[in-house]
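Colleague: Protein chains in written order, with our numbering: chain A, 1 to 344; chain B, 1 to 344.
Fair warning: there could be bad hints in the mix.
All copies of an identical chain are treated as equivalent in the list; a pair is satisfied when it fits inside any one copy or across any two copies.
Here are the computed lysine-lysine pairs in the DSBU-like style, where the Cα-Cα straight-line distance is at most 35 Å [unchecked claim]:
#	residue 1	residue 2
1	Lys23	Lys319
2	Lys34	Lys303
3	Lys125	Lys249
4	Lys229	Lys212
5	Lys34	Lys249
6	Lys221	Lys319
7	Lys336	Lys4
8	Lys274	Lys318
9	Lys4	Lys303
10	Lys162	Lys274
11	Lys34	Lys221
12	Lys319	Lys162
13	Lys249	Lys23
14	Lys71	Lys249
15	Lys318	Lys4
16	Lys212	Lys71
17	Lys224	Lys71
18	Lys229	Lys48
19	Lys122	Lys34
20	Lys48	Lys274
21	Lys23	Lys318
22	Lys34	Lys162
23	Lys48	Lys224
None of these hints come from the bench; they were simulated from the model.
Protein chains: 2
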Amino acid sequence: MEPKQTTPVSQLGEFGLIEHLTKNFQHVNASTLKGIGDDAAVLDSEGKKTVVSTDLLIEGIHFDLMYTPLKHLGYKSVVVNLSDIYSMNAEPKQITVSIAISSRFTVEALDELYAGIELACKNYKVDLVGGDTTSSLSGLIISVTAIGVANAEDLVYRNGAKEGDLVCVTGDLGAAYLGLQILEREKRIYLEHPEVQPELENSDYLIGKQLKPEARKEVLKFFKDMNLKPTSMMDLSDGLSSDILHICKQSGVGCELFEAQIPVSEDAYHMALKFNLDPITCALNGGEDYELLFTIEPEDETKIADEDTFSIIGIITKKETGCVLVTRSNNRHVLKAQGWNHFE
Amino acid sequence: MEPKQTTPVSQLGEFGLIEHLTKNFQHVNASTLKGIGDDAAVLDSEGKKTVVSTDLLIEGIHFDLMYTPLKHLGYKSVVVNLSDIYSMNAEPKQITVSIAISSRFTVEALDELYAGIELACKNYKVDLVGGDTTSSLSGLIISVTAIGVANAEDLVYRNGAKEGDLVCVTGDLGAAYLGLQILEREKRIYLEHPEVQPELENSDYLIGKQLKPEARKEVLKFFKDMNLKPTSMMDLSDGLSSDILHICKQSGVGCELFEAQIPVSEDAYHMALKFNLDPITCALNGGEDYELLFTIEPEDETKIADEDTFSIIGIITKKETGCVLVTRSNNRHVLKAQGWNHFE
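Same shape as in the complex, but just chain A:
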């Protein structure tokens, strides 16, 4: 076997590195007038509104390179930003990606990262148009900004939910959190007993949701085809409990979520029990599912009723009744933001 090639980043220098990493990226959007290589990128909103979202991802805080392949990390870094654009009911068109790396990263490692970024660009038809590449004193830092467009009348904010609206989610919840639990468990076992083989069987779905989530691009097309405009929408990144509270706060309403209607996959359900966790707690507080949380007017219920993708999980109420979870046994619990707090 040939020894794996390792090229120190210093061999290319900053501009050489940028050229090397981005040379395969092709622009696919007519709105991308100028990409990498000048002081700034130039975009044409073509008469539409421009939508901008940004995320900062830090090694050791947002990802662990011990179990995160760099290609997956590149893919996920892009997708989580695109998810924010979709959740405005807008179409992502361009991204900028800035990275800071410590000296332990080789050009080949960055190639892996950018292969994931490239794949995400291809799958979601967005153009990489800029960024910054620099060094860090400790680990990998990734900053992604996504830019999209929408007709003004199509934009969906967090503040439009009204009493009587139905609360809906796409897909199922809690899987990404349980995927993370598996990876963390295997890491602990590996650190204590490096000779033990990892036990990842039957957890492809859960680990996949954690390491390589997808954004709900196709749902926007469905909304358009069905002439359905949600009254409010956001993506589930911090966890259902925390995120529905944002919608309720900004809309000045309350809500009732019904435990029995919250979608949890069979895989997630069984894995939760294996970890002695309550599956619904994982679905409520897990985070990182990148599913869409949205509200619709009750008369639009028939438009989504036949689609497996959607679950109606609750109803918007008056502000005064607060935000509650109604359990299977008809108990009422006040919903709390128990999502991930970076600062605790």
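With the hints as your guide, set chain B onto chain A.
Modeller: The following block gives chain B in isolation, referenced to the frame of chain A:
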């Protein structure tokens, strides 16, 4: 004296912190339809082209908090991005700011940083419309994205310089680099002899250029008023040598720069000699001046001739003659990119 208040960031949590830091920011641009608080910001390009630039700043690489006041750092982080937008001959309108902080940063420290960001927003009339706030394992990380607009016909790229064009710069060069040398010297002295008072007298201008640079907003207005469109333009961040090579490479041309015409302030000149440095080398390779480097057609020379702001420092030549510096003694030196390489 009252003890200075210190509030741990964990007391506010992520969303509380964002609200706290951004509550004083007012939007001044009609094109800012929606700012902080949703999944993404919404902007209206009003029929113009959108221009986007982004920078990632890392503690220990791009700034040293030992001699950089946080307010200055916030100001500079914004200004260096706006400078990229101006150098496209575009007008900045919005910024996003993401930060990652280690546990040693208090809310009060971040208030200082955001006071600087706010001042830059005010001085340059841009709106803060989004960002991300998270924790880091080591030090402060700042990622800024600036968004601007321009009429398509006004945009100036790096690739438009033609043989015979005049090479021009604004202001003077090398000052920011010498400001940095003073700060680094005083840091070394302080670390060895904490009792010695810093010797910063007569270096306000140099230190100011390093710690609190300004972007050349007024030059764009001048270009417009004079009906002058540069054939190429960029801002001087890496150093004149490195930056003129970008213009020549992208334009497919060569250049002659004349040592005698490169503007160096009296302060910078004397400080360079004090450090046993060649003033012209500081001007060529120093970087971080954030002055504009641009080329104009020779018939436009009269439009800038009466303005102290501008210096004509060279001429664009055929590609084949390369990029050279013509010294006072008429020697020719090939220009090399000796700007700052983060990866060396």
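Colleague: Please go over all the hints and tell whether each is borne out by the structure.
Modeller: Structure-based check of all given hints:
no.: 1; hint: Lys23 <-> Lys319; verdict: between (53 Å within a copy, 24 Å between copies)
no.: 2; hint: Lys34 <-> Lys303; verdict: between (40 Å within a copy, 29 Å between copies)
no.: 3; hint: Lys125 <-> Lys249; verdict: both (34 Å within a copy, 30 Å between copies)
no.: 4; hint: Lys229 <-> Lys212; verdict: within (28 Å within a copy, 47 Å between copies)
no.: 5; hint: Lys34 <-> Lys249; verdict: between (40 Å within a copy, 17 Å between copies)
no.: 6; hint: Lys221 <-> Lys319; verdict: within (32 Å within a copy, 50 Å between copies)
no.: 7; hint: Lys336 <-> Lys4; verdict: between (49 Å within a copy, 33 Å between copies)
no.: 8; hint: Lys274 <-> Lys318; verdict: neither (38 Å within a copy, 72 Å between copies)
no.: 9; hint: Lys4 <-> Lys303; verdict: neither (54 Å within a copy, 58 Å between copies)
no.: 10; hint: Lys162 <-> Lys274; verdict: neither (39 Å within a copy, 70 Å between copies)
no.: 11; hint: Lys34 <-> Lys221; verdict: both (27 Å within a copy, 23 Å between copies)
no.: 12; hint: Lys319 <-> Lys162; verdict: within (10 Å within a copy, 65 Å between copies)
no.: 13; hint: Lys249 <-> Lys23; verdict: between (45 Å within a copy, 17 Å between copies)
no.: 14; hint: Lys71 <-> Lys249; verdict: between (37 Å within a copy, 32 Å between copies)
no.: 15; hint: Lys318 <-> Lys4; verdict: neither (62 Å within a copy, 43 Å between copies)
no.: 16; hint: Lys212 <-> Lys71; verdict: within (9 Å within a copy, 39 Å between copies)
no.: 17; hint: Lys224 <-> Lys71; verdict: within (32 Å within a copy, 46 Å between copies)
no.: 18; hint: Lys229 <-> Lys48; verdict: both (17 Å within a copy, 28 Å between copies)
no.: 19; hint: Lys122 <-> Lys34; verdict: both (18 Å within a copy, 29 Å between copies)
no.: 20; hint: Lys48 <-> Lys274; verdict: neither (49 Å within a copy, 56 Å between copies)
no.: 21; hint: Lys23 <-> Lys318; verdict: between (54 Å within a copy, 27 Å between copies)
no.: 22; hint: Lys34 <-> Lys162; verdict: between (42 Å within a copy, 20 Å between copies)
no.: 23; hint: Lys48 <-> Lys224; verdict: both (16 Å within a copy, 27 Å between copies)
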